[in-house]
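Asker: The residues making up each chain are set out below.
There are 2 protein chains.
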Amino acid sequence: MRILILGGDGYLGWPTALHFSARGDEVAVIDNFAKRQWEFEEGIEPLLPIVPLHRRARLWRKLTGKHIEIFVCDLLNHHLLYRVMAEFKPEAIVHYAEQPSAPYSMQNRNNAVYTQQNNIIGTLNVLFAMESHCPDAHLVKLGTMGEYGTPNIDIEEGWLTLMHNGRTDTVLFPKRPGSIYHLSKVHDSGNIEFACRTWKMRATDLNQGVVYGLETDHTAFNSELRTSFHYDDVFGTVLNRFLVQAAIGQPLTVYGKGGQTRGFLNIHDTIKCMALAVDHPAAPGEFRVFNQFTEQFSVNILAEKVRNAAARAGIAVKIDHLPNPRLEAEEHYYNAKHTKLIDLGLHPHLLDDATVDLMFAAVRKAKDRVDPSVILPRIKWHSGGDRIAAGHEAV
Amino acid sequence: MRILILGGDGYLGWPTALHFSARGDEVAVIDNFAKRQWEFEEGIEPLLPIVPLHRRARLWRKLTGKHIEIFVCDLLNHHLLYRVMAEFKPEAIVHYAEQPSAPYSMQNRNNAVYTQQNNIIGTLNVLFAMESHCPDAHLVKLGTMGEYGTPNIDIEEGWLTLMHNGRTDTVLFPKRPGSIYHLSKVHDSGNIEFACRTWKMRATDLNQGVVYGLETDHTAFNSELRTSFHYDDVFGTVLNRFLVQAAIGQPLTVYGKGGQTRGFLNIHDTIKCMALAVDHPAAPGEFRVFNQFTEQFSVNILAEKVRNAAARAGIAVKIDHLPNPRLEAEEHYYNAKHTKLIDLGLHPHLLDDATVDLMFAAVRKAKDRVDPSVILPRIKWHSGGDRIAAGHEAV
Numbered sequence: 011m012r013i014l015i016l017g018g019d020g021y022l023g024w025p026t027a028l029h030f031s032a033r034g035d036e037v038a039v040i041d042n043f044a045k046r047q048w049e050f051e052e053g054i055e056p057l058l059p060i061v062p063l064h065r066r067a068r069l070w071r072k073l074t075g076k077h078i079e080i081f082v083c084d085l086l087n088h089h090l091l092y093r094v095m096a097e098f099k100p101e102a103i104v105h106y107a108e109q110p111s112a113p114y115s116m117q118n119r120n121n122a123v124y125t126q127q128n129n130i131i132g133t134l135n136v137l138f139a140m141e142s143h144c145p146d147a148h149l150v151k152l153g154t155m156g157e158y159g160t161p162n163i164d165i166e167e168g169w170l171t172l173m174h175n176g177r178t179d180t181v182l183f184p185k186r187p188g189s190i191y192h193l194s195k196v197h198d199s200g201n202i203e204f205a206c207r208t209w210k211m212r213a214t215d216l217n218q219g220v221v222y223g224l225e226t227d228h229t230a231f232n233s234e235l236r237t238s239f240h241y242d243d244v245f246g247t248v249l250n251r252f253l254v255q256a257a258i259g260q261p262l263t264v265y266g267k268g269g270q271t272r273g274f275l276n277i278h279d280t281i282k283c284m285a286l287a288v289d290h291p292a293a294p295g296e297f298r299v300f301n302q303f304t305e306q307f308s309v310n311i312l313a314e315k316v317r318n319a320a321a322r323a324g325i326a327v328k329i330d331h332l333p334n335p336r337l338e339a340e341e342h343y344y345n346a347k348h349t350k351l352i353d354l355g356l357h358p359h360l361l362d363d364a365t366v367d368l369m370f371a372a373v374r375k376a377k378d379r380v381d382p383s384v385i386l387p388r389i390k391w392h393s394g395g396d397r398i399a400a401g402h403e404a405v
Numbered sequence: 011m012r013i014l015i016l017g018g019d020g021y022l023g024w025p026t027a028l029h030f031s032a033r034g035d036e037v038a039v040i041d042n043f044a045k046r047q048w049e050f051e052e053g054i055e056p057l058l059p060i061v062p063l064h065r066r067a068r069l070w071r072k073l074t075g076k077h078i079e080i081f082v083c084d085l086l087n088h089h090l091l092y093r094v095m096a097e098f099k100p101e102a103i104v105h106y107a108e109q110p111s112a113p114y115s116m117q118n119r120n121n122a123v124y125t126q127q128n129n130i131i132g133t134l135n136v137l138f139a140m141e142s143h144c145p146d147a148h149l150v151k152l153g154t155m156g157e158y159g160t161p162n163i164d165i166e167e168g169w170l171t172l173m174h175n176g177r178t179d180t181v182l183f184p185k186r187p188g189s190i191y192h193l194s195k196v197h198d199s200g201n202i203e204f205a206c207r208t209w210k211m212r213a214t215d216l217n218q219g220v221v222y223g224l225e226t227d228h229t230a231f232n233s234e235l236r237t238s239f240h241y242d243d244v245f246g247t248v249l250n251r252f253l254v255q256a257a258i259g260q261p262l263t264v265y266g267k268g269g270q271t272r273g274f275l276n277i278h279d280t281i282k283c284m285a286l287a288v289d290h291p292a293a294p295g296e297f298r299v300f301n302q303f304t305e306q307f308s309v310n311i312l313a314e315k316v317r318n319a320a321a322r323a324g325i326a327v328k329i330d331h332l333p334n335p336r337l338e339a340e341e342h343y344y345n346a347k348h349t350k351l352i353d354l355g356l357h358p359h360l361l362d363d364a365t366v367d368l369m370f371a372a373v374r375k376a377k378d379r380v381d382p383s384v385i386l387p388r389i390k391w392h393s394g395g396d397r398i399a400a401g402h403e404a405v
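First to last, the sequence lines map onto chains A and B. For what it's worth, this note's numbering labels the leading residue of the first sequence as 11, then goes sequentially. For what it's worth, this note's numbering labels the leading residue of the second sequence as 11, then goes sequentially.
Chain A with its partners taken away, still in its complex shape:
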């Protein structure tokens, strides 16, 4: 199949490209290296250095004989995007190419506007480019479980059949997200559903949980094929951050009470889910939604899992509760359905002790590269315009 990966330089985009390339698909990636710039803005680095995309693709070709084509393209440059679609004629498009950090989007007005503009307009351009050049292609779009927020009812997979005043309808599941970034994903979902309904396009929206893990089978093949791993307060996700805090002997910092419950999945399963979605495309006109995670945990449970792994490795680690920089419920009902990917054949990698131990050992090996000054939360949700990142205007 001809598969175009948007955001192919990233944590998930790169291993996804390797996966499809390894199994014989014709793979091209698009990236504009925006994430590399955000790292400089925030003064942060991945735990281990990531060589440039072009070099990784050359190495992959040398090792496997397989070619991954690279298009350097900003999705806001629609002229170029249309040309890529016309030239490569993808049958599936996997779309990771968005600003993915809630704290980044909440840093100040500039980053909030950048996030919504980049994500919403970039995705609109993808939809129009597809409609013009490959209207039968299947869009597989990375969304987030954070689009739903934490409602007091069970979270269904994208659609909800409800009864109201004696009548019934199936509606888009009501969303109530918790950051400007999460809102951008909700807005994307609305725009994509409209394109499916109006232009008979086919799309799968993957409401993904929080991903953990350092590597996949293919990135582990050679150290220069590795993918990025962030532990900082802006791009680091919670389990990855706890592992790094434990590795350097710092307390694990839980935000608030720690009863915040979310869906989680192993990076191995992200890749598997992408493949399942691509191999079982949505029908023309269908806006299909999968909740892409394998287990629910509270932040407190995750902290305990990491503390226990550290203890097994002979390291005593404390758990601290910080004032919550975010505005979110810290104790709440959470029951999100996630059966559709299982029905397609997903066999989850669960977060057992052996998995935590393996990740912890890998992080410990790199602990001398950790910058402890970028782990504690610097960005707070409660005000809207007074935080300046280096190189950024105040508003």
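Note that the list lumps identical chains together, so a pair holds whenever it fits in one copy or between two copies.
Computed list of lysine to any residue pairs in SDA-like fashion (alpha-carbon distance at most 20 Å, straight line):
(1) K350 / A292
(2) K72 / E234
(3) K328 / P387
(4) K210 / E340
(5) K347 / H359
(6) K210 / W169
(7) K350 / N175
(8) K315 / A364
Think of the hints as simulated: they come from the structure by calculation, not from any bench.
Fit chain B to the given chain A structure using the hints.
Answerer: Just chain B now, kept in the frame of chain A:
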């Protein structure tokens, strides 16, 4: 009260400014005259000429002694917007300053992206500017009943209390809008709700129905104080368009079967609703939604009302059914609640025969200015990028 009107040059913004100014409020308006440019792009004009805003404001001052301050500002220019907020320190902000046409947004990629960027980012800038300079001000934002689409259940005012699997929650009413423009309003609503929740701002989202009418008490005061009235396929709303078709003896063009049912209101009631919302502000942290219309009609019923008014004036008019350029249900359930503004004291102007006759007489007086070539629908929903307006790129 100090009231800032965003979009003060427009069909509704100008009469709103006059209303508050006349009763003694301190009024300033913002506009960037974008609508004047869209008119040139589309080759259309209002039914009667509208003098420049500065001249209208001078005339108003001469006639009444009352000053309306004008800030020429694009909401995308956040530096200037922040300065306006800091200088004028509004207590209420009435926000009409968006691209308001569904067909315009569906014309091609350029207009789709322009509409979402202009509306979403402009409103984000308003939220951040308020948070910085007047966080206690009340935002009264013009939304649209079109955000809801046509669900098979009763439409509530913004929020829905529902039961699912034995549990209950109150959620944002699920939306399923029918154009890129309508989507932009849904996205605005999500962003504003977040600002209320996170920054304790106060906002009222007015999901307005389709407005009809040529004038208000204050715009009728002098012919050069009049507000714009569009009858073309891009900016003309359905009843206004039918009145013009009847006035020039053309058939009334119903799109499809004509069972499309929507909420409608008289422009007099729009102004009254705005005043009621401003005078009864939302509480800090409250995202309040009013469904702002007074009566539901199908398009067929409206066509009959206009045909009957023309018959009473001695003009025989036919009703034609055209292939629908839009993608929308043409026969559907529709029952939208609209009690909150009534509870605040709205006494609706209903669409009785006398009202239609008065509007028809006013339109007939101007019939020599009608351009019959801009009335039939030119913009179709079914494809995404192949329509070029003069001066616009194809994509």
